[in-house]
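Chains as they are written, first to last, in our numbering: chain A, 2 to 327; chain B, 35 to 315; chain C, -7 to 316; chain D, 115 to 449.
The set of hints was computed from the structure by calculation and includes no laboratory data.
Hints may be right or wrong, so weigh each one.
With a Cα cut of at most 25 Å, we get these calculated DSS-like pairs of lysine-lysine [what the hints assert, rightly or not]:
1. D:K419 - D:K448
2. D:K449 - D:K419
3. A:K269 - D:K448
4. D:K204 - D:K267
5. D:K419 - D:K442
6. D:K419 - C:K230
7. C:K230 - D:K325
Quick partial rundown of chain C residues pointing at chain B, CB under 7 Å, derived from the structure [as the list claims (entries may be wrong)]:
8. V131
9. P136
10. A295
Quick reminder that beta carbons are idealized off the backbone N, C-alpha and C, glycines included.
As a plain string of letters, each chain reads:
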Amino acid sequence: MTATPLVEVRDLVTHFTHRVGLFGTRREVVQAVNGVSLDVAARETLGLVGESGCGKTTLGRTILRLVARTSGEVRFDGQDVFALDLAALRRMRRRMQIIFQDPDGSLNPRLSIGRAVREGIEVHRLARGAEADGRVEALLAEVGLPAGSAARYPHEFSGGQRQRACIARALAVEPEFIVCDEPVSALDVSVQAQVLNLLLDLQARRGLSYLFISHDLAVVRHVAPRVAVMYLGRIVEHGPSDGIYQRPLHPYTQALLTAVPVPDPKTKRARVVLAGDPPSPVNPPGGCPFHPRCQHPGKNESCRTVRPELRELAPGHQVACHLADR
Amino acid sequence: MSPWRLAARRFARNRPALTGAVLVAALVLAALLAPLLTADPLAQPDPVRLQNQPPSAAHLLGTDPYSRDILSRTLHGARVSLVVGIGAALLAVTLGAGVGLTAGLAGRRTDQLLMRGVDVALSLPRIVLLLAVFAVWEEAPAAAVVLLIAVTGWFQTSRIVRASVLSLREADFVAAARALGTTGAGIVRRHLLPHIAAPVIVSASLDVGNIILLEAGLSYLGLGVRPPTPTWGNMIMDGKDVLFSAPWVALAPGLALVLTVVAFNLAGDGLRDALDPRAAA
Amino acid sequence: MLRFAARRLAFAVVSVAAVVFITFLLVHAAPGEPMLGTPERALASPETMARQRTLFGLDRPLPEQFLRYARNLARGELGESFVLHRPVAAVLAEAVPNTLLLGGTALVASLLLGLAIGVVQAARHHSRTDTLLSAATLVLYSVPVFWLGLVLLLVFGERLHWLPVSGMTSAGLEDRLSSLGRAVDVARHLVLPAASLALVQAAAFARFQRSALVESLDAEYIRAARAKGLTERAVLLKHALRGALAPTLTLAGLSVPYFLAGSVLVESIFGWPGLGRVAYDAIFARDYNVITATALVSGVLVAAGNLLADVAVAIADPRVRLDQ
Amino acid sequence: MSGPAPARPPLLEVHDLTVNFSGSDGVARAVDGVDLTVEEGETVGLVGESGCGKSVTALAILRLVEPPGHIAHGSSVRLGGRDLLALGAKEIRAVRGNHVALVFQEPLSALNPVLRIGNQIAEAIRAHEAVTRGTARWRAVEMLTAVGIPDAKRRASAYAHQLSGGMRQRVLLAMALACRPQLLLADEPTTALDVTIQAEILELLDGLQRKLGMAVLLITHNLGIVAERTRRVYVMYAGQIVEEAATEQLFAAPAHPYTEGLLAAIPRLDERRDRLQAIPGQVPPATAWPEGCRFHPRCPHAWAKCGTEMPPLLEVTPGHRARCWLVKEPERRKK
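Input sequences plus hints: build the corresponding full structure.
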């Protein structure tokens, strides 16, 4: 981490009110993001890992102000994103973009790939007419789509190609920062590697910053030098990936890492198997959010009652656990 | 190939649907050309001797109790059915789409208000209202029939449209457009309207048949467009009194009704299948 | 459950009130005068008419008339028929049970028939049987109910003499028959009008049920049921039908307006002394109180249908819960 | 399989299994001449990417392929020597869920949403055994306990939507194992689950397999799961088996360039690589498999012969075969 970060998130909280029941009479508050702070520096990738329902997607969308925050702050290049008026926000949108998990749902099936990529160019009046066509062609070529793709429709492409088109659409406005929300989770292994390589190449060529959200720890390790682990709306561990992957300090990270099957029949590892399912973000447990599933032998009363704050136990390596030590 | 062209191709490959579409086209043509093809539907060449004549060379479908030519009246009757059916369906769908879009895009309060209103409206007994209106409005022109049927018939469409707007608002491609900085109007125009067009077209085309039947029911009771203008409904009413002695009087307009409604339903089913988002490319 | 019931009841009251209000407004604000088209009106002098108007309060401003009507309604009074010179409640008390018999029979028959056809089609979908039944239901669904009534009347009543053509009982036989005999007599009169109503709606149910079943046969749990070694019959009837039943039940509950509309047409053809006839006669005679009361009863029946649909769905589908 | 012939026939022997789907774009050969065997009690992996035909293979074994798909003539599926494809409707039903059971990928969609889970397990038992409703229900509760569902008696009357993803997959396992099958076809049993839940389910499956002594055909796209859980493995690509080997052998010395490519393409938890080795190109559509070797358009080693002649499965070492001409002409391998 160097100088001022490009993206600064401070104590961000996002709660949703759901109406449930046949007539929507009962309200439920989903505490999707519950006080998250993180930084992403220019040209850097921060990995964000966690299981489904932990709030990582909501966090990514809140940072881009696609979802309303409940409290907390997001600064992009020093500017408070939530303080911007609509016009300023639209200008800001040029600088930060998003790529989604499901390449089927993130392209409008009724727009050709060319028109989808062109949308951002038109919105921000970056080019018009033949010049815009030229830009679209160049973008599609840059992400590795065959010539002539612009006139074709999403259903005529494979999943990997659609994800490339989504990347081209995001790049069309020349952003500095991209939230990659599970960009390769829906793809087959062989295609996943292609798209990951593309993202790495683009970062090197264009100097991009990524917030790389994934449930796949191996993928995150591959792309992100720094990783944050999320559980029930909070970051429970945060630090350089080499540190986290080699010496995880939080019991949840330990369980997560040992649960991943390793494609090598000769490795035999001790596995920490967690008990039970993650609790609901509607009603998170008090104290440490992880305590009901925690297998730490030293689990005690304070785990149940006092919520641990992030503590720095090694340079740049923070853990939210009462029991963790180096 | 664009999704619309794919849908057109699916429709063209669907033989029943194509049959329906051809029939509809033929009916529209026949209704347009009715004055050229046949005699005056009001003419009563010989009120005494030509009453209730069975089909013959001179009168292919026979004559009615007023000695009028049934073929001519059946062709002319198509005009009311088609104008009311197509007109009211288009108008109803436009109203429903407007309200559905508003509800889906507006805030919670407006949405709730509109949708509760629609709930109430859906539980109104439509026929009683229509009967009451047309009983007092004796000289109702076809336009009034179109208007009233449409005004009492858009509720279901508004629900369908609202539901698709709500689910589209959650779609990732809409989130992507917002992230690109596309304005609200731009999102509606580029991303929402093209998607609700399909269910709206299907809803309209499946409505036509039902509306034609509704209009026929009203004019069978002597309401709506009234005699002597021939409608299939009032022709059947004329035939009712001579049902046992001259069944052809009621049979011809009835068969015309069935044929027309079958044609629209075939075409409507075909459109629904062709525009089904789940249909494979 | 209680909260659900309370909300639904409130909703039903609001919609019935809306029906009454709109109908009242329509019949009173529209041109024309009461008793139009009746012999009585044709003979009456302007003075008599004026006296009648004062008697029924029709010379008062519309808001006042409505308030008075609403007050009476709240006390359970529906007023008097201008034409029949009888309390409206008495007129309805005779007609409503007959319409419930006709409409109820038709609803149950059409639902059973429609379900059966839909299940047979889904069981052999894409077979020749399915195609034929699809064509048949499409045509039947496109038939105007009153015309079907006339055709049935012509064929089974007039030509074949299998069934009586008009009324609810055979005139002059009432006293000579046992109660069972009377029931059979009513049933025989019921067949044709109920069939006219039921056949068209059965086609609608069958079309709907077929597509719901075919769709649910595509579900992964159907494949799982087959993988367990269940018979096709169990797969279809236990697994597919359970899931596809809820939408059909909703449709059944929502079909009440169809049966009301149909009864207006069919009752006049078969001379069935029900609500449809009463409404029809009242509308042409501008019998204000009767018109409004029929609208009220229709509104109640429609609301009841909606409620039944909701309850039926909650029973058929455990994912729908009424008590939240 | 080579090596010493077993004294009795293998539990499952699939030979030349071909499944075609006829659609508007022509005939898709989703599964094309698949041979595979599973011995009693053994765990065999069937690995491949989406669309390679692995799920259709599992469905075809139980004859659950639905129109427009159909199993081609000449295919055979033998269970303990008996050809399942020749059985009558009643006989094949007696096999399904009884001798061979299937576990699906999406537990939520594989459970009927409107039936109680206990009932869904009990009906599987009653389909094959003449037991009373009460006994079946009691056994269903027992199965639920066996798959680690707490308070099974009460949970038996729950509906699928009231359970978590992990619990649903346990229910599905209970349903599949209720009649103690000899063979379990597990089609991506943990793909829809979070990684911690996945580990739980796989441990559970391991334990149950040992207890019941059944064989498992584990179908997955996840090579990590294959490495940890299987003894032998088949790799599928474009409707065909392209490699078969003992698991250790496959990971130590993959012979087919596709397998090699897959192994190089996986990001690894235990080591950091700078750049992944991606396999170029896309999987071709099943209606238009390439001529010759189906992998040749994406293969770094391909030469003219690969584009014209389809290689058979060639023996690399005993028990290890690969559908690649490189086995015969190893000097063509590019460094």
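Results for each hint:
A C-alpha spacing of about 16 Å is found between K419 (chain D) and K448 (chain D), which places the hinted pair at or below 25 Å, so the restraint holds. In summary, the hint linking K449 (chain D) to K419 (chain D) is supported, as the alpha carbons are separated by about 19 Å, within the 25 Å threshold. Restraint check for K269 (chain A) and K448 (chain D): not satisfied, since their Cα atoms lie roughly 33 Å apart, outside the 25 Å limit. Straight-line distance between C-alpha atoms of K204 (chain D) and K267 (chain D) comes to about 32 Å, which puts the hinted pair past the 25 Å bound.
With a C-alpha separation of about 12 Å, the suggested pairing of K419 (chain D) with K442 (chain D) holds against the 25 Å cut-off. Restraint check for K419 (chain D) and K230 (chain C): not satisfied, since their Cα atoms lie roughly 55 Å apart, outside the 25 Å limit. Between K230 (chain C) and K325 (chain D) the CA atoms are separated by roughly 32 Å; this puts the pair beyond 25 Å, and the hint is violated. Nearest Cβ of chain B to the Cβ of V131 (chain C): about 6 Å, under the 7 Å cut. The hint holds.
Interface restraint check: P136 (chain C) against chain B, minimum CB-CB distance 5 Å, threshold 7 Å, status holds. The criterion of a C-beta within 7 Å of any C-beta in chain B is met by A295 (chain C), whose closest approach is roughly 6 Å, and the hint holds.
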